[in-house]
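Be aware that the sequence shown starts at 1, since it is given in full-length UniProt numbering, and climbs by one per residue.
Warning: the hint list may mix true and false statements.
[Said to hold, decoys possible] Simulated DEER-style distance windows between Cβ atoms:
#1 Lys89 - Tyr46: 18 to 26 Å
#2 Glu57 - Thr77: 15 to 23 Å
#3 Ile7 - Thr77: 14 to 22 Å
#4 Ser6 - Asp98: 33 to 41 Å
#5 Asn2 - Arg47: 34 to 42 Å
#6 Gln96 - Ile7: 32 to 40 Å
#7 Leu50 - Ile20: 28 to 36 Å
#8 Ile97 - Pro19: 30 to 38 Å
#9 Gln73 - Glu49: 27 to 35 Å
#10 Ala94 - Thr22: 28 to 36 Å
#11 Thr59 - Pro19: 26 to 34 Å
#12 Trp85 - Val5: 28 to 36 Å
#13 Lys41 - Pro9: 39 to 47 Å
#14 Gln73 - Ala94: 22 to 30 Å
Derived by calculation from the structure, the hints in this document are not laboratory data.
Please read these numbers as outputs of a predicted model, since none were measured by experiment.
Glycine is no exception: its CB is placed at the ideal position from the N, C-alpha and C atoms.
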Amino acid sequence: MNELVSINPATLEEIGRIPITTEEELDQAVRNADSALAQGKTDRAYRQELLQSCALELTRKNAEIGPLLVMEQGKTTTEAGGEMWISAKNFTHAAQID
1 MNELVSINPA TLEEIGRIPI TTEEELDQAV RNADSALAQG KTDRAYRQEL
51 LQSCALELTR KNAEIGPLLV MEQGKTTTEA GGEMWISAKN FTHAAQID
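Taking the hints into account, I'd like the entire structure generated from these sequences.
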């Protein structure tokens, strides 16, 4: 199986490996996405609830995801925390759009 190796740019250490998708797997993923899109015609209130849940989870998992951003992208801890905060705020903003 082919893999993409994720490297910490500061230390050049391997962080992890991500499998590279085959054409068949990609085609199946597109079919699954098409199916999900057709099923995803939910009402506004439900979508808003989902978006707000995403914001809450990003906030809760900041301490877990932030260090991954530092390792994988070479960000400072402050930058990683800021990116998580902005992402959570974007989900909150999207949840408030009428």
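Hint check results:
no. : hint                      : verdict
1   : Lys89 - Tyr46: 18 to 26 Å : 21 Å, holds
2   : Glu57 - Thr77: 15 to 23 Å : 20 Å, holds
3   : Ile7 - Thr77: 14 to 22 Å  : 19 Å, holds
4   : Ser6 - Asp98: 33 to 41 Å  : 39 Å, holds
5   : Asn2 - Arg47: 34 to 42 Å  : 36 Å, holds
6   : Gln96 - Ile7: 32 to 40 Å  : 38 Å, holds
7   : Leu50 - Ile20: 28 to 36 Å : 30 Å, holds
8   : Ile97 - Pro19: 30 to 38 Å : 36 Å, holds
9   : Gln73 - Glu49: 27 to 35 Å : 30 Å, holds
10  : Ala94 - Thr22: 28 to 36 Å : 33 Å, holds
11  : Thr59 - Pro19: 26 to 34 Å : 30 Å, holds
12  : Trp85 - Val5: 28 to 36 Å  : 29 Å, holds
13  : Lys41 - Pro9: 39 to 47 Å  : 42 Å, holds
14  : Gln73 - Ala94: 22 to 30 Å : 23 Å, holds
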